[in-house]
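Chemist: Residue-level listing of the chains:
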Amino acid sequence: MKIMLNGQEKSLQAPVTIAALLQDMGLGERRVAVEVNREIIPRSRHGEVELKDNDRVEVVFAIGGGAHGSNRRNNT
Amino acid sequence: MAVTAETIRKTTNDPLVIAGRMYSSRLLVGTGKYRDLEETRRAVEASGAQIITIAVRRTNIGQNPNEPSLTDVLSPEKYTYLPNTAGCFNAEDAVRTCRLARELLDGHDLVKLEVLGSEKTLYPDVPQTLKAAETLIHDGFKVMVYTNDDPITARQFAEMGCVAVMPLAAPIGSGLGIRNPYNIRFIVEEATVPVLVDAGVGTASDAAIAMELGCDGVLMNTAIAGAQKPVLMAQAMKKAVEAGREAFLAGRMPRKQYGSPSSPLGGTFF
Numbered sequence: 083m084k085i086m087l088n089g090q091e092k093s094l095q096a097p098v099t100i101a102a103l104l105q106d107m108g109l110g111e112r113r114v115a116v117e118v119n120r121e122i123i124p125r126s127r128h129g130e131v132e133l134k135d136n137d138r139v140e141v142v143f144a145i146g147g148g149a150h151g152s153n154r155r156n157n158t
Numbered sequence: 069m070a071v072t073a074e075t076i077r078k079t080t081n082d083p084l085v086i087a088g089r090m091y092s093s094r095l096l097v098g099t100g101k102y103r104d105l106e107e108t109r110r111a112v113e114a115s116g117a118q119i120i121t122i123a124v125r126r127t128n129i130g131q132n133p134n135e136p137s138l139t140d141v142l143s144p145e146k147y148t149y150l151p152n153t154a155g156c157f158n159a160e161d162a163v164r165t166c167r168l169a170r171e172l173l174d175g176h177d178l179v180k181l182e183v184l185g186s187e188k189t190l191y192p193d194v195p196q197t198l199k200a201a202e203t204l205i206h207d208g209f210k211v212m213v214y215t216n217d218d219p220i221t222a223r224q225f226a227e228m229g230c231v232a233v234m235p236l237a238a239p240i241g242s243g244l245g246i247r248n249p250y251n252i253r254f255i256v257e258e259a260t261v262p263v264l265v266d267a268g269v270g271t272a273s274d275a276a277i278a279m280e281l282g283c284d285g286v287l288m289n290t291a292i293a294g295a296q297k298p299v300l301m302a303q304a305m306k307k308a309v310e311a312g313r314e315a316f317l318a319g320r321m322p323r324k325q326y327g328s329p330s331s332p333l334g335g336t337f338f
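Heads up: the sequence lines are chains L and C, in that order.
Each residue of the first sequence is one higher than the last, beginning at 83 in our numbering.
Each residue of the second sequence is one higher than the last, beginning at 69 in our numbering.
Everything labelled a hint here was simulated from the structure, so no lab data went into it.
Being a predicted model, the structure only gives us computed values, none of them experimental.
Each residue gets a CB set at the ideal place from its N, CA and C atoms; glycine is no exception.
Keep in mind that a hint or two might mislead.
[Unchecked claim] Calculated from the model, a selection of chain L residues having no Cβ within reach of chain C, i.e. all distances over 10 Å: (1) N88; (2) E132; (3) L133.
[Stated by the list, open to error] Residues from chain C that face chain L, not an exhaustive set, calculated with beta carbons under 8 Å: (4) Y102; (5) R103; (6) I122; (7) T127; (8) N152; (9) L168; (10) E171; (11) G245; (12) F254.
With these hints in hand, go ahead and build the complete structure from the sequences.
Modeler: Listed below in structure tokens is the structure:
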């Protein structure tokens with residue numbers, strides 16, 4: 083199966099949970115937020131929610147950011 | 069700390085109160101555009117800011133998990149994070165960003181709403197901003213809203229329940245200073261919520277002028293990060309905001325057209 087992860091296609095061998103995906107991305111210990119098909123999945127459910135084929139997953143975190151946006155659009 | 073009318077009356081140090089929380093610093097800073105995280109940390113510390121804006125972005129795929137992140141150098145326990153919808157050009161993206169930020173920061177509901185309408189001027193799209201503010205307030209967010217320096221728009225945002233109104237002084241990142249002090253003054257006079265100048269400050273005197281006009285605070289990023297010595301400029305901005313506030317509270321002397329001696333004219337021996 084494959085998913086769209088942060089705008090890029092990613093192949094997965096078997097259905098995995100969000101927690102396992104984050105572990106695989108090296109983000110297991112990181113403060114992140116996860117959205118699957120535009121729905122936020124709370125951290126408390128990362129261990130139980132399994133990803134399905136063609137899921138669109140966004141994993142975001144806090145970065146230095148301005149008081150304002152630049153003129154680069156953040157298209158998703 | 070939670071604020072009641074009683075605690076404000078008892079406080080002599082003139083705190084900034086936003087959404088029921090007190091802050092001793094009236095300077096809010098962004099954390100973007102610095103050379104590295106260490107410079108970010110040093111500039112934020114020098115500014116004395118207690119509220120810092122952050123952006124929410126995709127984690128880089130395959131990033132090095134050992135690299136420090138913003139939350140490592142500027143602890144969300146020590147600073148009030150103000151997630152910012154920077155880069156959003158419509159209400160939907162802005163609302164989505166705020167919801168992700170709330171999840172990211174364990175339910176933290178204070179956000180800075182910004183919906184831009186032009187890539188060139190970076191002016192706010194007011195109808196989209198109003199739409200996003202309505203959704204966010206309904207959703208339980210405490211919204212500090214970036215808007216243009218129009219007193220009527222500012223009043224509308226306050227009436228709908230935004231916790232702070234943040235008019236621009238000049239276009240974002242322009243460093244042109246307070247282009248329309250009369251409008252900022254109108255907004256301050258009518259204000260029922262804190263008014264913070266957000267965008268356009270270029271140097272310390274601009275920040276002081278904003279505060280002398282009676283603004284409750286100033287939010288800036290590029291004026292500090294874009295200075296040749298950002299940490300020194302952060303320190304200058306801290307002093308400018310404090311000086312401007314004190315000058316406002318002191319009440320300036322009236323302007324006069326002609327000279328007026330400050331030593332008595334009687335008793336001269338010449």
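Chemist: If a hint holds in the structure, say so; if it doesn't, say that too.
Modeler: Quick rundown of the hints versus the structure:
For N88/L, the shortest C-beta to C-beta distance to chain C comes to about 4 Å, within the 10 Å cut-off, and the non-interface label is violated. At roughly 19 Å from the closest C-beta of chain C, the C-beta of E132/L stays outside 10 Å, upholding its exclusion from the interface. Against the 10 Å criterion, L133/L stays outside the reach of chain C, whose nearest CB is about 15 Å from its own CB. Hint on Y102/C holds. Least Cβ distance to chain L is approximately 6 Å, under the 8 Å limit.
A cut of 8 Å between beta carbons decides the hint on R103/C: the least distance to chain L is about 11 Å, and the hint is violated. Because the smallest distance between the Cβ of I122/C and any Cβ of chain L comes to about 5 Å, under 8 Å, the interface hint for this residue holds. Given hint, T127/C at the interface with chain L, holds; its Cβ is 5 Å from that chain's nearest Cβ, closer than 8 Å. For N152/C, the interface hint holds, since its Cβ comes within 8 Å of a Cβ in chain L; the closest pair sits about 6 Å apart.
This hint holds: L168/C has a C-beta 5 Å from the nearest C-beta of chain L, less than the 8 Å allowed. At about 4 Å, the closest approach between the beta carbon of E171/C and any beta carbon in chain L falls short of 8 Å, and the interface hint on this residue holds. About 16 Å separates the beta-carbon of G245/C from the nearest beta-carbon of chain L, more than 8 Å, and the hint is not met. Residue-level restraint check for F254/C is violated (minimum Cβ-Cβ distance to chain L is 23 Å; threshold 8 Å).
Consistency with the previously given hints fails for numbers 1, 5, 11 and 12, ordered from lowest to highest.
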